[in-house]
Amino acid sequence: MKIEYKLNDKFDLIIFIPVILLITIGLIAIYSSTANHPTASGNFQKQLFFVVLSLIVFFIVYSLPQQTFKKFTIPAYIFSIFLLLLVLIMGKTVYGSKSWLSFGFIGFQPSEFAKIGTILALSYWLTNNDRDINNIKDIGIALIIGFLPVILILLEPDTGTAIVFAFITLFLIYWSGISLFGLFVVLSPGIVTFMSLFGTVPFVLSLVGVIIALILFRKDIFNSTIVFVINLGASFFFDYAYKLLKPHQQKRIAAFLDPSADPLGSGYNALQAKLAIGSGGLFGKGFMQGNQTQLRFIPEQWTDFIYCVIGEEFGFIGSVIVLTLFLIIFLRLLKLSSLAKDKFGVLIIVGFLCLLFSHFVINIGMNLGLTPVIGLPLPFLSYGGSSLLTNMILLGIVLNIYRNRKLHA
Amino acid sequence: MNDTGFGSVLRARVIFAVIIGFFCISVFQLFNMQILQGKTYTVKANENSIKPIYQVAPRGVFYDRYHRILVGNKPTFTLRIIPAQFKRELSPYIENILGMKPGYIDRILKQTQQYSPYIPRRIAKDVPFNVIAWYEENSDKLPGVDYVVETQRDYSYGVNASHMFGYTKEIPPDILRKKKDEYMMGDEIGFVGLEKTYENFLRGEKGVKYVLVDSRQKIIGNYKNGELDKPAIKGYDLILSIDKDAQMVAESAFVDKRGAVVAIEPSTGEILAFLSSPQYNLADFASVTPNEVWKKLNLDKDKPLFNRATMSIYSPGSTFKMVSALAALEEGIIDTNYRTYCGGGFQFGNRFFKCLHVHGTVDIETSIEKSCNTFYYQLALKIGIEKWSEYAKKLGFGKKTGVDISEESPGIVPTKEFYDKVFGKDRWPKGILVSLGIGQGELSVTPIQLAQYAAILANYGKTAKPHFLKGYVETKTGRYVEIKPEYFDVGISKHTFDIVRRAMYKVVNGAGTATNIRMPDIEIAGKTGTAQNPHGNDHAIFIGFAPYKNPKIAIAVIVENAGFGSVAAAPIARDIIKAYLKKDKFKMEQPRYLSKVSDFRKSKNEN
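Chains D and A are the protein sequences, given in the same order.
Residues in the first sequence are numbered consecutively from 1346, following the working numbering.
Residues in the second sequence are numbered consecutively from 1119, following the working numbering.
One should not assume that every hint holds.
[To be verified] Pairs of lysine-lysine residues, derived as PhoX-like cross-links and limited to a Cα-Cα distance of at most 20 Å, are as follows:
(1) A:Lys1518 - A:Lys1583
(2) A:Lys1413 - A:Lys1287
(3) D:Lys1591 - D:Lys1355
(4) A:Lys1296 - D:Lys1591
(5) A:Lys1192 - A:Lys1205
(6) D:Lys1443 - A:Lys1296
(7) A:Lys1602 - A:Lys1580
(8) A:Lys1298 - D:Lys1437
(9) A:Lys1296 - D:Lys1437
(10) D:Lys1591 - A:Lys1583
(11) A:Lys1324 - A:Lys1297
(12) A:Lys1287 - A:Lys1297
(13) A:Lys1534 - A:Lys1612
(14) A:Lys1296 - A:Lys1169
(15) A:Lys1287 - A:Lys1205
(16) A:Lys1298 - D:Lys1591
(17) A:Lys1534 - A:Lys1505
(18) A:Lys1287 - A:Lys1327
Derived from the structure by calculation, the hints contain no laboratory data.
All values derive from a computational prediction rather than experimental measurement.
Just chain D, with the same shape it has in the complex (with noise of 0.2 Å):
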């Protein structure tokens, strides 16, 4: 994949138009799904203001100076974990979440926001230059600076997104050069918790497979102890957790491990979802005329269910279009990842990537049922202004660091 830069040395067109083409897939099906619904008709309008809100924003932030990032990190993390502290005691519960600042009519999600205060903290961190990433010490902090905003918005609670900047600390913590080892301390937990949901013995197996691979590092006994007792902490932990959920999330939990378990309630909208992509065939039933969605059996489908909406109405052809938009966006990212001479510009670009990726799995997952129903907006498509505005201004920093990239080398 050898690129010629002549043509847009400045600007990379490659990334910049499918986020054109989805944000406008996007808006074609905001209008569809709300057109005739009584309260929401007025959505459409909105997004469009967004949409052009944030392309001013976006490029503003693109012809900043390079410096003006690193000055902005610290004080742009402080100022995230305020708005997150601050949306815990005077935020608007929508959906029994409480996720919400309204300031006069106009309400934002600051876990969005926050997200990009996160990253930059989290790459200015790891890329300072006496970081070893492989000391303990040092990925305590940065698991810190990472799971700070993930309890805070657990907190509200909103799963989904908590989930999202959990990915992002690990994986930027995996792009920084972790020894395989160390990765492994910081997985090991989550897999042995996530089979503890299956029952017993995937439990048992997978704790198994801990000390079949701490015996394999050859590390100390020590050591292995250690690792083996989080290990252990970390699913009784998560089983105490599970218990703190509220009834929804823990539906959502079992009707995702078993999910023709309750048709009518947390399973209602997955089914609905694979009915409405399902029965779109391969050139969909066309602008306006999905029955699904112009019925509304999936309600604020315009949100998290958006997808369903091109599957239905655009088919197998409309379907293929967005993920192949999704797939270039994803791979010029880790492109350019490799152009950036700067460790810090190189982090917040992979971070971008990581942000846009999980959004995009857990989304496109859960339409079409490969996941359960976490609510998390699918990038550029689903109605929602915090979230357009929180990813065209982390584009604008990566095409800023894009710009500026020579300067470096």
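Chain A: place on chain D using the hints.
Leaving out everything else, chain A in the frame of chain D:
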């Protein structure tokens, strides 16, 4: 594996593989769903979807203490519109045939437009059968219109007792927001009275039927052969402590009077009769209440919506003399040997407080029997404000009785602190106390407090919180569950009560103020009162209990602006007591004001 540094090629490749991998999985899944299984999904989507149809549960029925129906249910037709299928141009026809104002349907549809257009909206309840017949003939020309059989309250059992039962109303949006787990738009909810207090018992469980509908919302069959369907479960039937006969006598007696009646079984606190007059007609509230009816009720100067029995406050007048008597005797301030002279009044400072007659030498029993004010003007001064208000409160005044109807006023018992606040510490004129001694002044009581007071007197201070509910019948099991009353004892000695009760006996059976209600076979004890009313004629009050030796009923009757208690209130009390204690005899006598004799007989024959 040696390449483990920052952003190494290996790490990038892993990520590349993950991205491509998920892309491939997604495309494969899409291919599987949309191309391979596309047809199956299309069929299912067209047959979509599972739709719940809810059935309203009939509310529980109210029975009296002898299990005679007081309020029942009856089937009724409700006309509904499904907005998504309804043609707006049909509105005028339907409005016309139902006698609605033009624009009525549009207004309802507008009010509920935040809900799914496939949820039916109730347009008219209690629709006459000829309209249903018209609909049946023309249903193919009326898309989106249907009707269902629902139940509504049936008030044709001879009692109205509007303030006791209260009514239900379609749940207002603000309550719906708070209780959206339990109620849905269009559900009825108990709004006042017992319908409100026992809403959770009465409302039952809504039934649900899951059906499959196609994309045009046509029902195409049952979901899973009705496995998940739940039938509606009727609410619990409530057994009230009310005696239907006594209640009907009370209602007939008050047809064109204002006032209130509360009768209580003194040993249990069970309410036997309960009336606030004027009433409103409960039948007006059985289905949708027209705005004109609301307006008329709200503007009526007699305030028929106001529950006088628990909320209206009156001066208790002479009926309060027993409070002073009990306090003075129990505290040892006077005994039965204490006498005072009544020369037609009492000079206190520069004011002369009048008595009705010149009573001469008066002891405690005569003071109640003849209702001598002079005696109590002086006695109040002896007792003092502190003890006096302590006993007034002991006997249940100045606080809510806690009856199982939420609309209740606590009344007012003035205390030393109260007057200190008004006049400054210890600077208040003692003449105030003189007025309080005969139940006038700042003192205010509710009829239900007076009835509770009569029950306390009847049962030597031991009674229970006044209440309507004796028990309920669980619909599923048919099991009768009894409600235990909350007993209390005011803690005054039997000896003290004996003296006061004996005096009350003489009020009716001696040379007292209510000898006009004396009966040969039922010994009533009581006390008349005349409450001064700043807005017009005095209110007539009577409290009492019977039979004297073993009381089964205690009662308070207030007739507004009717003058003397003995003339206007006591005979009503007597008739209610008679109706409750001597049913067979009463049936033969039939008092002149019993207008609904036929209903009354009918209900008697049912049992």
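Consistency of the hints with the structure:
1. A:Lys1518 - A:Lys1583: holds (10 Å)
2. A:Lys1413 - A:Lys1287: Holds - the C-alpha atoms of A:Lys1287 and A:Lys1413 are around 16 Å apart, at most 20 Å.
3. D:Lys1591 - D:Lys1355: Answer violated: D:Lys1591 to D:Lys1355 is near 49 Å, above 20 Å.
4. A:Lys1296 - D:Lys1591: Distance ~19 Å between A:Lys1296 and D:Lys1591 Cα, so the pair holds.
5. A:Lys1192 - A:Lys1205: Violated, because 31 Å separates the two Cα atoms, which is more than 20 Å.
6. D:Lys1443 - A:Lys1296: Holds: D:Lys1443 and A:Lys1296 sit about 18 Å apart, inside 20 Å.
7. A:Lys1602 - A:Lys1580: Given pair A:Lys1602, A:Lys1580 holds - Cα atoms ~15 Å apart, limit 20 Å.
8. A:Lys1298 - D:Lys1437: holds (19 Å)
9. A:Lys1296 - D:Lys1437: Distance of about 16 Å is within 20 Å: holds.
10. D:Lys1591 - A:Lys1583: violated (41 Å)
11. A:Lys1324 - A:Lys1297: Between A:Lys1324 and A:Lys1297 the Cα gap is close to 15 Å, so the pair holds against 20 Å.
12. A:Lys1287 - A:Lys1297: holds (15 Å)
13. A:Lys1534 - A:Lys1612: Measuring from Cα to Cα gives roughly 28 Å; hence the hint is violated.
14. A:Lys1296 - A:Lys1169: violated (25 Å)
15. A:Lys1287 - A:Lys1205: violated (28 Å)
16. A:Lys1298 - D:Lys1591: Roughly 18 Å separates the two Cα atoms, so the pair holds.
17. A:Lys1534 - A:Lys1505: holds (10 Å)
18. A:Lys1287 - A:Lys1327: This hinted pair is violated, its Cα atoms lying about 25 Å apart.
This entry does not satisfy hints 3, 5, 10, 13, 14, 15, 18, going by the numbered hints stated previously.
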